[in-house]
Amino acid sequence: MKGYRKYFTKKIVWFLITLFVAMVLNFVLPRLMPSDPVAAITGKMAGQTTDTAAVQEIYSRFEEEFGTNKPMIVQFLIFLRNLFKGDLGTSFSQYPRKVSDIISSSIGWTLALQIPAIIVGWIIGNVLGAVAAYKKKGWDKIVMPVTMFISNIPAFGSAVILLYLFAVKWKVAPVAGGYAFDMIPNFSWAFVKSVIEHYQLPFWSIVLISIGGQAIGMRSMSIYELNADYVKYSRFLGIRDGKIVGYVFRNAMLPQVTGLAMSIGGSVSGALVAEIIFSYPGIGSTMYAAVTAADYPLISACTLIITIMVLIATLSLDIIYGFIDPRVKAAQFDA
Amino acid sequence: MSNTLKNLLHSPKFMVGFILFIAILLTILIYPLFNPGNPLEMIGVGTFAKPGTYISLYDATSSQKETLKIANAEEKRIAAALSDEDRVKMLEWLSAYGVDVTEVDASNTDAILELWMANYNPDASIKGFTKSETRNFRLIQNRITELMSADTLIIYEEGAEDSKSKIVKTDYVNLNAIANVKTLPLGTDNFGRDVLKELVSAAGTSIIIGLIAGSVATVIGLTLGLLAGYLGGNADEIIMFITTVFTVIPGFVLLILISYSLGQDQRGPTIVAIVIGCTSWTWTARSVRSQVISLRNRDHVNLSKLSGHSLGRIILTDILPYIASYVVMAFILQVSSGILSEAQLSLLGLGPKTTTTPTLGLMMNWAMLYSAHTNGSWWAYFPVILTIACISFSLNLMNTGMDQVFNPALRD
Amino acid sequence: MKKISKLIALLLAAFMVCGLLAGCSGSGSADNATSTPTEASQATEESKTEETPAATEESKAEETPAATEESTPAETTGDVTDLPRNETLYFGGLQWGTVNAWNPIGANQNNFAIAGSPQGSRTVMFETLYMYDFLSGKLYPLLADGDYTWNDDMTELTFKIKEAAKWSDGTPVTAADVAKTFEASVAIGNGTGTTYGAYIDSIEADGLTGVIKLAKTEEGGPKNPLLAIDYLTGVYVAQAAWIDTMMARNNNDPVACLNDKAEDVPYSGPYGRLYDDDQKLVLVRNDNYWGQDASMWGSLPVPKYLAHAMYADNAATETAFKAGQIDVNQQFLPNIQNLWLKDGLPISTFYDEEPYGVCLTMPTAWYNMNIPVLKENPALRKAIAMAVDYPSIIANAMTNQSPSFEDVPRSLMNPTEGEQALYDHDAVKDLQWAGNDIEGAKALLDEAGIVDTDGDGYREWNGEKISLNACCPNGWSDWQAAMEIVAAAGENIGIEITTLYPEWSIYQTVFTMHDQTEYQIFMYSPSAASPSNPWMRCMMFMSSSFVGIDNNWSGNWGQYVNEEADEILNKIPTISDEAELKAAYTRLTEIYLTEVPSFSLMYRPAAFDAVNETVWTNFPSADDGRNITPYNCVSGYAIRALYELELVD
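Chains as they are written, first to last, in this note's numbering: chain Z, 23 to 357; chain D, 107 to 518; chain F, 313 to 961.
Simulated from the structure, these hints should not be mistaken for lab results.
With a cut-off of at most 27 angstroms between alpha-carbon atoms, the simulated DSSO-like pairs for lysine-lysine come out as follows:
1) Z:K157 x Z:K265
2) D:K156 x Z:K191
3) F:K573 x Z:K107
4) Z:K193 x F:K654
5) F:K573 x F:K478
6) F:K654 x D:K156
7) F:K654 x D:K182
8) D:K272 x D:K171
9) F:K654 x D:K288
10) F:K450 x F:K478
11) D:K272 x D:K182
12) F:K528 x F:K450
13) D:K275 x F:K654
14) F:K616 x Z:K215
15) F:K654 x D:K195
16) Z:K193 x D:K195
17) F:K573 x Z:K120
18) F:K616 x D:K233
19) D:K272 x D:K288
20) Z:K191 x F:K654
21) F:K654 x D:K233
22) Z:K191 x D:K195
23) Z:K193 x D:K156
24) Z:K163 x D:K112
In this text the structure is predicted, and so the values were computed from the model without any measurement.
With the sequences and hints as input, model every part of the structure.
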């Protein structure tokens with residue numbers, strides 16, 4: 023038990039250190055961008071004024087308000103202090119909206135889109151891969167290359183093609199947005215139906231790209247396991263085929279679960295392309311808008327969320343593996 | 107070694123991928139010989155010329171004419187100017203104008219034309235037609251006027267009194283007799299550039315970007331992975347910590363931010379490739395590390411250690427050769443992901459800044475900026491997607507093939 | 313074996329169904345979670361900013377829906393759950409991103425309903441005294457009653473408010489509201505305050521009559537009467553009582569006032585706020601709108617709702633427009649004629665033929681005078697400008713939605729007849745150029761001694777290779793295409809020009825700095841049409857009053873200085889004699905075309921305006937004899953279109 027405690031303490035300490043360093047980087051990197059968002063706000067506030075002194079007055083007023091005239095380290099300390107209060111700051115580009123307000127209105131869309139899509143893609147991919155490994159011939163010769171080719175179409179490419187075919191050409195899917203253009207959010211069946219319709223294209227575009235990678239991985243793992251000695255031995259012993267296959271796929275699944283956890287952890291950053299192409303409201307679109315507008319507080323918040331999600335995924339994997347994988351266990355006691 | 111090669115040559119997956127990749131490479135090398143010149147030259151004024159063969163109208167009028175009497179030429183001419191929908195629309199207008207059209211069939215072009223010519227009045231404002239419909243009727247009228255005008259076109263030289271030549275409806279010119287004929291198999295893009303020529307050149311640039319990015323990523327990943335795996339202990343902890351930091355800050359965001367921070371004028375294709383490499387090495391490092399860990403307690407490594415060989419020597423002679431095949435495969439995957447990253451970055455307008463070399467991502471970016479995908483100009487973006495998919499498909503096929511050769515356990 | 317494959321197939325099917333269900337229910341609940349916090353945040357904005365906001369987005373999403381679900385829909389949208397298509401007019405390209413505020417005297421509202429500018433304020437919710445029509449240059453009274461009058465020395469402008477004019481809370485609009493709006497604007501330093509504060513001393517109110525007192529020069533004349541007229545068409549009138557409330561709740565702090573969300577604001581216009589979130593903004597008609605009085609429109613505007621969805625980018629907007637989900641679209645659509653010629657869509661523009669819209673401004677490439685080689689060599693400036701292939705820019709970048717420089721020769725004027733008549737075309741004929749003149753440009757450079765001495769194909773000046781960049785913001789596709797063509801022109805005459813497309817956020821901070829050397833040839837548009845133009849535009853091109861200041865949004869970004877031009881520019885606002893004015897503008901044009909401190913690349917509308925007649929029709933068009941401004945049916949005099957729309961049968 024002592025080994026476990028040591029293992030987990032170490033993992034958690036590293037988790038915290040990583041989190042802190044990532045936070046510093048998340049804070050500093052956007053601010054290295056050679057742009058001045060205060061000037062952007064000033065521009066909006068001042069309009070086409072011909073009075074130049076007034077413009078400069080507005081500028082210094084906002085510089086003061088955002089604290090951009092202070093040294094980076096002071097800015098960071100203020101950021102940390104506010105963070106502990108749950109305040110992610112005020113957005114530059116959507117001033118005076120709060121960052122937390124912007125994030126909370128977009129993250130739901132992203133999670134609702136990405137997580138089911140990743141899971142469905144993962145399931146279909148694994149089933150395909152397993153079948154390909156088991157059935158070989160036919161499946162392996164045709165289905166695998168096809169899935170592989172599809173998975174090699176860049177994400178934006180398949181999104182654009184889906185958009186063109188279904189929304190522009192055949193007009194069977196809506197063109198943009200999270201719900202119908204002629205609706206106001208409410209709790210009616212019609213609205214839910216509209217949300218589902220708008221969900222389809224971005225959903226399937228994500229499913230499509232994730233299938234291939236999963237299928238290939240699962241196929242390799244399954245073949246590896248199918249060729250393993252214990253399978254041959256079991257066959258030799260005359261154990262039922264179905265039972266062997268059960269063992270094989272359970273073993274092959276283990277690394278695939280890692281993949282699933284990591285994809286879910288990375289879902290927020292993966293949302294970028296699909297959300298932009300389909301004008302889907304979500305954190306990907308938000309982040310893209312934030313980057314192009316040099317909206318530091320918003321970028322920092324988005325990247326922070328991504329960081330935390332990936333970190334949590336990694337940490338939980340580490341912990342779960344610590345319990346279930348005998349090799350990891352051994353390594354810890356060994357050390 | 108030769109045995110491995112032989113096995114590779116016998117792996118259908120590897121061979122298909124390899125041949126596809128070589129075919130792409132050969133096209134990149136050979137096509138410019140047939141179609142030389144600057145791939146970014148704007149040959150068309152205007153945007154998105156359709157794929158097809160273009161003949162010089164100027165040359166055609168002065169070429170040797172032959173008279174051909176083709177039975178349905180006139181019908182085709184009318185069909186090209188007046189679609190079935192146009193005819194229905196014309197009847198609609200006529201009936202709204204108060205003309206009795208109950209007897210007229212929509213397929214009876216002559217009857218419709220006759221009624222139309224007799225009645226159409228561009229200035230009549232008829233209730234019930236929208237602005238765009240009224241405009242469309244005027245456009246139909248323009249086409250009909252052109253169709254119905256004289257049978258002979260007379261060409262004058264600028265400023266001259268006498269006609270230069272006359273063209274009648276039965277005049278034909280042999281395609282081979284025209285001095286200037288240009289085939290644009292994939293049309294032109296929004297700048298009026300030859301898409302095929304640009305695509306071939308861009309594929310070359312993108313492969314180079316992929317190679318640079320792949321090399322950078324593999325070198326960093328390999329070095330860190332080897333060190334972490336072999337040294338273990340604190341060095342391992344620190345290296346893995348750095349790797350985790352790079353993993354948790356999403357590569358894509360990192361990429362955007364770094365390439366942003368680099369400043370605009372330095373964002374050439376090479377720099378972008380290096381930046382891509384610098385953000386995508388993490389999984390190579392992780393996998394190399396785990397491979398090395400499984401190797402480091404092997405007997406031959408321990409033997410070398412006991413013999414007092416230096417760290418460098420042990421890594422180079424006792425570890426590297428055992429994971430070489432693995433590294434090659436990782437490199438191939440990095441190349442293909444580098445090409446994808448460039449395309450993705452450029453699509454968001456964050457890719458390389460260059461006006462002299464086309465890249466696949468920039469082509470895609472311009473096509474999107476001029477909404478080629480919504481206005482039906484498929485030739486401006488679809489071949490680009492297909493090219494990216496083919497390059498990365500061929501690389502991945504090779505990779506899978508190699509995987510099977512190097513890991514006998516994976517063989518079918 | 314077979315059994316297993318069947319089982320797997322079954323499983324596969326089951327998974328797909330489950331996945332879909334999970335997806336559907338997931339998205340449904342996500343929507344609940346996402347739509348309510350937005351509303352909640354609006355309703356409880358003040359309390360939230362003062363208290364500690366919820367620690368993370370998750371906890372907030374959990375907290376707020378319960379509290380607000382029942383109350384908010386009723387508060388904000390009444391019983392409206394969907395917008396009947398035949399009662400709603402949809403817009404595109406006028407609103408990007410979420411609405412920030414509803415404050416007519418605030419700043420940075422990012423609100424479709426609020427865009428005040430002399431060339432045509434959007435008067436759907438808040439109203440101006442007059443409406444500007446850029447087709448005729450005329451002012452039509454809106455809140456004002458009849459024409460305004462000047463006193464003899466043009467230092468005082470008198471206007472009257474219509475008796476019928478009412479706020480949405482039923483109280484009458486008075487001149488005191490106009491006066492209070494101006495005072496408050498100056499006090500909190502909003503755009504109006506900073507723009508007009510120096511030129512207008514005060515606005516005095518007496519019942520429905522108001523007097524604008526202009527600031528005077530030392531000689532006692534008015535400083536700038538042109539700007540007073542801009543004020544009439546550009547500045548919204550806000551309610552005096554509400555301004556007091558708003559300023560009191562912000563303790564008169566200027567920045568807080570500028571950013572007040574103003575959700576309680578009364579308005580005088582025909583539409584008020586119904587609903588807004590990250591994806592959509594909806595205004596609803598106020599059926600008690602004062603303008604149905606015979607002294608104004610005599611009726612209510614036709615559409616019951618005005619709606620604007622927020623699309624991610626141009627492509628998404630275009631797709632929605634083609635699908636008939638947008639009726640009025642303010643967006644550059646390449647090859648717009650293909651929408652009806654090829655696709656057969658019921659889409660049209662103000663003119664049926666090129667350039668399809670009314671071009672009012674000219675996106676311009678500015679030479680940076682901080683670069684010695686550009687400052688010292690008018691010949692170089694002119695040579696590059698002469699070599700540029702403008703027909704290609706107009707055909708490729710603008711897809712012919714701009715008149716050519718052969719049709720409208722370059723000057724300081726936009727292509728409208730009114731402005732074109734302001735200078736003597738023949739006097740500057742020899743100075744103009746139509747572009748693509750490679751040989752002429754080369755000759756000019758050779759003559760100026762800028763030649764290639766080391767044989768590398770590029771010319772040198774003072775022994776150094778001339779290497780310039782051409783910049784514009786990333787994603788501004790027509791401008792980017794134009795810059796590519798400028799770079800190609802440089803190549804043709806032996807001047808190295810590379811292109812550079814920074815993000816707008818970076819671009820705007822650099823080109824507005826007075827001492828920047830990063831961008832050497834860079835693009836920006838001068839102002840379009842308004843009562844104070846073309847004077848305002850000429851200022852932007854040549855006035856040295858903008859030189860040397862940072863964060864310069866006013867003009868002359870290339871830091872060009874010319875004393876004679878300054879003198880003429882100072883005089884123009886007070887010249888009333890037409891011949892004298894024409895002489896002044898002609899001389900300015902001469903200086904501009906000789907010195908080439910910048911060169912225009914194309915003509916462009918102030919706003920693109922295309923309509924889809926799937927649902928609505930009777931939009932303004934050039935030949936309908938109604939002379940309604942083609943300005944998206946909402947800006948300036950264009951709003952008249954809303955009263956004359958008809959449904960397609």
